[in-house]
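> Respectively, the protein sequence lines represent chains A and B. The numbers in full-length UniProt numbering rise by one with no breaks, and the one at position 461 of the first sequence is 461. The numbers in full-length UniProt numbering rise by one with no breaks, and the one at position 4 of the second sequence is 4.
Be aware that one or more of the hints could be misleading.
Each computed SDA-like pair below joins lysine to any residue, with the alpha-carbon atoms no more than 25 Å apart [as the list claims (entries may be wrong)]:
hint, chain 1, residue 1, chain 2, residue 2
1, A, K331, B, G130
2, A, K252, A, W38
3, A, K331, B, L133
4, A, K367, B, T126
5, A, K331, B, I129
6, A, K331, B, L127
7, A, K367, B, D122
8, A, K252, B, D122
9, A, K111, A, W38
10, A, K367, B, G21
11, A, K331, B, T126
Looking from chain A toward chain B, a few residues come up when the C-beta cut is under 7 Å (computed) [as the list claims (entries may be wrong)]:
hint, residue
12, D16
13, R20
14, V22
15, P55
16, Q56
17, Q60
18, I63
19, S319
20, P321
21, T325
22, P466
Chain A residues, not near chain B, derived (Cβ > 12 Å throughout) [as the list claims (entries may be wrong)]:
hint, residue
23, T7
24, Q31
25, Q67
26, R85
27, V89
28, Q108
29, K148
30, R328
31, E431
32, W464
Don't read these hints as lab results, they were simulated from the structure. Positions of the beta carbon are idealized from the N, C-alpha and C atoms, including for glycine.
The lines below spell out each chain.
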Amino acid sequence: MAIDQGTTSTRCIVFDQNARLVAVAQREHRQYHPRPGWVEQDAVEIWRNVDRIMPQALRQAGITADQVVALGITNQRETFVLWDRHTGVPIGRAIVWEDIRTEELVAQLGKQPGIEEVRERCGLPLATYFSAPSLRWMLDNVAGLRAKAERGDVLFGTMDTWLIWNLTGGVNGGLHVTDVTNASRTMLMNLGSRQWDPMLLDFFGVPAAMLPEIRPSTEIRGTTTRVVPGISITAALGDQHAALFGQTCFEKGSIKGTYGTGGFLLMNTGTELVRSKHGLLTTIGYQIGGEPAYALEGSIAVAGSLVQWFRDNLGLIHSAPEIETLARTVKDNGGCYIVPAFSGLFAPHWLAQARGLVVGLTSYINKGHLARAVLEATGWQTREVVDAMNADLGAPTPVLKVDGGMTADHLLMQFIADVLDIPVMRPLVAETVSLGAAYAAGLAAGYWPDLEGLRRNWHLAARWNPVMDARHREDEYANWKRAIELTFAWARSTPST
Amino acid sequence: MPGPIQSIERAAAVLRLLARGSGHHGLTEIADSLGLARGTAHGILRTLQRVEFVEQDQTTGRYRLGAALLHLGTSYLDANELRSRSINWADTLAARSGQEVRIGMHHDGAVLVVHHVFRPDDSVQTLGIGAMLPLHATALGKVLLAYDPDLSAAARRRELTSLTRRTITRAQALERVLTEVRAQGWAGEAEEYMPGEASIAAPIRIPGGLVVGAIGISGPVDRLCDSAGRPRATLVRQVSQAAEAVTTSLVDEN
Numbered sequence: 001m002a003i004d005q006g007t008t009s010t011r012c013i014v015f016d017q018n019a020r021l022v023a024v025a026q027r028e029h030r031q032y033h034p035r036p037g038w039v040e041q042d043a044v045e046i047w048r049n050v051d052r053i054m055p056q057a058l059r060q061a062g063i064t065a066d067q068v069v070a071l072g073i074t075n076q077r078e079t080f081v082l083w084d085r086h087t088g089v090p091i092g093r094a095i096v097w098e099d100i101r102t103e104e105l106v107a108q109l110g111k112q113p114g115i116e117e118v119r120e121r122c123g124l125p126l127a128t129y130f131s132a133p134s135l136r137w138m139l140d141n142v143a144g145l146r147a148k149a150e151r152g153d154v155l156f157g158t159m160d161t162w163l164i165w166n167l168t169g170g171v172n173g174g175l176h177v178t179d180v181t182n183a184s185r186t187m188l189m190n191l192g193s194r195q196w197d198p199m200l201l202d203f204f205g206v207p208a209a210m211l212p213e214i215r216p217s218t219e220i221r222g223t224t225t226r227v228v229p230g231i232s233i234t235a236a237l238g239d240q241h242a243a244l245f246g247q248t249c250f251e252k253g254s255i256k257g258t259y260g261t262g263g264f265l266l267m268n269t270g271t272e273l274v275r276s277k278h279g280l281l282t283t284i285g286y287q288i289g290g291e292p293a294y295a296l297e298g299s300i301a302v303a304g305s306l307v308q309w310f311r312d313n314l315g316l317i318h319s320a321p322e323i324e325t326l327a328r329t330v331k332d333n334g335g336c337y338i339v340p341a342f343s344g345l346f347a348p349h350w351l352a353q354a355r356g357l358v359v360g361l362t363s364y365i366n367k368g369h370l371a372r373a374v375l376e377a378t379g380w381q382t383r384e385v386v387d388a389m390n391a392d393l394g395a396p397t398p399v400l401k402v403d404g405g406m407t408a409d410h411l412l413m414q415f416i417a418d419v420l421d422i423p424v425m426r427p428l429v430a431e432t433v434s435l436g437a438a439y440a441a442g443l444a445a446g447y448w449p450d451l452e453g454l455r456r457n458w459h460l461a462a463r464w465n466p467v468m469d470a471r472h473r474e475d476e477y478a479n480w481k482r483a484i485e486l487t488f489a490w491a492r493s494t495p496s497t
Numbered sequence: 001m002p003g004p005i006q007s008i009e010r011a012a013a014v015l016r017l018l019a020r021g022s023g024h025h026g027l028t029e030i031a032d033s034l035g036l037a038r039g040t041a042h043g044i045l046r047t048l049q050r051v052e053f054v055e056q057d058q059t060t061g062r063y064r065l066g067a068a069l070l071h072l073g074t075s076y077l078d079a080n081e082l083r084s085r086s087i088n089w090a091d092t093l094a095a096r097s098g099q100e101v102r103i104g105m106h107h108d109g110a111v112l113v114v115h116h117v118f119r120p121d122d123s124v125q126t127l128g129i130g131a132m133l134p135l136h137a138t139a140l141g142k143v144l145l146a147y148d149p150d151l152s153a154a155a156r157r158r159e160l161t162s163l164t165r166r167t168i169t170r171a172q173a174l175e176r177v178l179t180e181v182r183a184q185g186w187a188g189e190a191e192e193y194m195p196g197e198a199s200i201a202a203p204i205r206i207p208g209g210l211v212v213g214a215i216g217i218s219g220p221v222d223r224l225c226d227s228a229g230r231p232r233a234t235l236v237r238q239v240s241q242a243a244e245a246v247t248t249s250l251v252d253e254n
């Protein structure tokens, strides 16, 4: 069984030994936007949703708790909540990874001495969406919080930690733990030791007493005492890490790309901790027992959300999938490129001030060309990230394994294969995030013998082979890079206020 | 002969009212203008909204004619939309049946493959999205023919190309098969398209029952059919369930 605590909803999925989906229960939760740039969620609402969907999934599967081999938890990363250890009541709402309230704080922290050292130790660039800046913001802005945190009366947890604490008893002895992948997204963990780093805690001013114990992904070892008592919790992983695991990207150099609202590419770099020289993040892929598998991550902020923008803000299509229909009304982009730097550019450029642009407009361009440019933007951003990964690892990856809602876009998948010049493969089980958490949990419980056993469950549902002419590909890529350059120029020319 | 159906007459009146003047009316205005109870008018409007003949302005709450009315004659459902909505169910069908899955829609006198899932045995296969298949020789095509009177009439007038020695080439024989398809709710075919291959398909419908596409499996004839050459009941059930699941997902999201 897997619980996938995502950004917009929480799902409970039951899989059988062949990794086939047996039951799915899902509940959405509210998003709060109390001020511009603030994004919050109610951790109690999320906990109540878990309380509903777990029994629902069991009913749907027609099984009882004792037939569940193990439970794995996967979650939206970086989002965290603080709560009172004695009452279990959260201190305010959970701060979501999309929240940019710490923009100023991040700018200040960026000027502090030791910032280079911070990146070296945690593998992440200083940015609003990692947990530490928001946690610091809470400690600075909630009266009396710091003192309570120092006494250990207030606890910190990413959503995995919050759910495990509650499931294993809450105020009555709930486990306060997290896994290495979630901890690796806080900016507080040392990538080498995989423990909270005193220098990082000091830099962000975070008391150690409030933090959970960090464990390998498959050594969580708790038992539920609430909701559905008696299920052993054996694994936890951040959602993108779970997708890497669910895609069975176990070999060094294998990459998965999840295409939803944003695009998330992770490359397994094996036991080697690769520090990116090309603008990627270093993170932990997963840790099964003693040895961790490290990973490089490149996130594309805007992928599916560009299609949503095209639908909602321009009104040129009625539904997201229609973008493909519109794009197919023309044979190419007509010389038009869209760089969707809505809130800056992420990997590999990391330019927060960048803003989007549409270039190459002529009177010939129609909405079909724009639709193509929208889809191609995701393809080119993928190319940039994969190029950076290959450069960091020193070897080209042979295939890209994909998942997520946008894999239904046939034109986009073909385009990604074309611009990467490698095959793009989609597995039969689309729910790779949940599957990855279930795999980790089942592996820990001995339900599956080893990684090879998991790999045998991976079946190919679709494969797109590259067909684009090499010359054409390189010309187009050069155009895309010029468009990116213009984005930089625009950011530079923005008057500072 | 049965009498006129009152709710359809009332729905027509609502559409006529919205088609004239400002084109924007609130629920009370509509109910009062037509002399209907508010609950009745609301039920009619909700139903018309569901079939996209009427839209509700999110800020004012007023109703107006829906965009779907403007292109009634053209295709109702976008092919890429259908793929997107059905992808999980097609995967499930491939996993359960162990066979490759295709979703087809009618295009230009043939079956256009809008979605394809490989047979989950990791053998080398080629993605067939965008391919055109013959209507009369595939299970997908028979489903599309069976529920579209214009299409089947056109097929009767045209010569039915023989692809194997089992392909149905006589219009009368095809008509008999299509009647059977409508009666049983699914279509099958054994070696009518390719020697050694068989296929089974069922209709995908939108609310109201209109068939917009078909979902089906194909594979070796000895895997899909029993010793008497009839499609295996378990596979037929799996295909029908997948078709119903896609149909339900189209209803839910409308």
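> Each hint: holds or not?
Results of checking the hints against the structure:
| no. | hint | result |
| --- | --- | --- |
| 1 | K331(A) x G130(B) | 15 Å, holds |
| 2 | K252(A) x W38(A) | 38 Å, violated |
| 3 | K331(A) x L133(B) | 24 Å, holds |
| 4 | K367(A) x T126(B) | 31 Å, violated |
| 5 | K331(A) x I129(B) | 17 Å, holds |
| 6 | K331(A) x L127(B) | 20 Å, holds |
| 7 | K367(A) x D122(B) | 39 Å, violated |
| 8 | K252(A) x D122(B) | 22 Å, holds |
| 9 | K111(A) x W38(A) | 23 Å, holds |
| 10 | K367(A) x G21(B) | 32 Å, violated |
| 11 | K331(A) x T126(B) | 23 Å, holds |
| 12 | D16 | 10 Å, violated |
| 13 | R20 | 5 Å, holds |
| 14 | V22 | 11 Å, violated |
| 15 | P55 | 23 Å, violated |
| 16 | Q56 | 17 Å, violated |
| 17 | Q60 | 14 Å, violated |
| 18 | I63 | 18 Å, violated |
| 19 | S319 | 6 Å, holds |
| 20 | P321 | 4 Å, holds |
| 21 | T325 | 5 Å, holds |
| 22 | P466 | 13 Å, violated |
| 23 | T7 | 20 Å, holds |
| 24 | Q31 | 18 Å, holds |
| 25 | Q67 | 21 Å, holds |
| 26 | R85 | 41 Å, holds |
| 27 | V89 | 36 Å, holds |
| 28 | Q108 | 40 Å, holds |
| 29 | K148 | 43 Å, holds |
| 30 | R328 | 8 Å, violated |
| 31 | E431 | 8 Å, violated |
| 32 | W464 | 6 Å, violated |
Hint check: violations occur at hints 2, 4, 7, 10, 12, 14, 15, 16, 17, 18, 22, 30, 31, 32; the rest are consistent with the structure.
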